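Let the hints inform the model, and build the full structure from the sequences given.
Using the working numbering, the first residue of the sequence shown is number 291, and each one after it goes up by one.
Hints are computed from structural coordinates only; laboratory data are not their basis.
In this text, all values refer to a predicted model and were calculated from it rather than measured experimentally.
C-beta: ideal position from N, C-alpha, C; glycine also.
Misleading hints may appear alongside valid ones.
Unchecked claim - Computed list of lysine-lysine pairs in DSBU-like fashion (alpha-carbon distance at most 30 Å, straight line): (1) K358 / K322; (2) K322 / K295; (3) K327 / K295.
Stated by the list, open to error - The following label-pair restraints were derived from C-beta to C-beta distances: (4) G359 / L309: 15 to 25 Å; (5) G340 / L309: 26 to 36 Å; (6) G323 / K358: 15 to 25 Å; (7) F308 / G334: 21 to 31 Å; (8) A320 / D345: 45 to 55 Å; (9) V338 / H297: 37 to 47 Å.
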Amino acid sequence: MFRYKSHAPFTMVVVFLFLLLIGGSVQASACKGLSDKQCAAESGCSWVDGYKRSDGRNVSAHCKARPKGKKAVKSDKKIKKQ
291 MFRYKSHAPF TMVVVFLFLL LIGGSVQASA CKGLSDKQCA AESGCSWVDG YKRSDGRNVS
351 AHCKARPKGK KAVKSDKKIK KQ
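Listed below in structure tokens is the structure:
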């Protein structure tokens with residue numbers, strides 16, 4: 291009457307989604323919400339001044355994680371305001 295069905299595929303999907311959600315938030319939280327002085331004190335973070343995008347939206351100043359890998363630029367140059 292009942293057939294045995296493995297729950298392994300369902301469990302693997304749930305674990306993958308959980309790790310995807312948790313992993314992204316852990317990486318992004320190192321610099322998120324820091325003030326400009328706190329951001330400057332962290333070696334893995336850089337401060338971005340507020341600016342206006344080409345589509346007219348304003349982007350507020352914020353702290354972000356520096357890129358990692360070959361394309362990472364080790365420079366403290368600020369984005370020019372337009």
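Against the structure, the hints come out as follows:
1. A C-alpha spacing of about 17 Å is found between K358 and K322, which places the hinted pair at or below 30 Å, so the restraint holds.
2. As the CA atoms of K322 and K295 are separated by approximately 44 Å, the hinted pair breaks the 30 Å bound.
3. Annotation: proposed proximity of K327 to K295 is violated, straight-line Cα distance about 56 Å (limit 30 Å).
4. Taking 15 to 25 Å as the suggested C-beta distance range, the pair G359 and L309 conforms, at roughly 21 Å.
5. The given range of 26 to 36 Å is respected by G340 and L309, whose C-beta atoms sit roughly 34 Å from each other.
6. Range check, G323 to K358: about 20 Å between beta-carbon atoms, so the 15 to 25 Å window is met.
7. At about 25 Å, the CB distance of F308 to G334 agrees with the hint of 21 to 31 Å.
8. Between A320 and D345 the beta carbon distance is about 29 Å. The supplied range of 45 to 55 Å is therefore violated.
9. Our hint of 37 to 47 Å for V338 and H297 holds, since their Cβ atoms are close to 45 Å apart.
The structure is inconsistent with the numbered hints 2, 3 and 8, although it conforms to all the rest.
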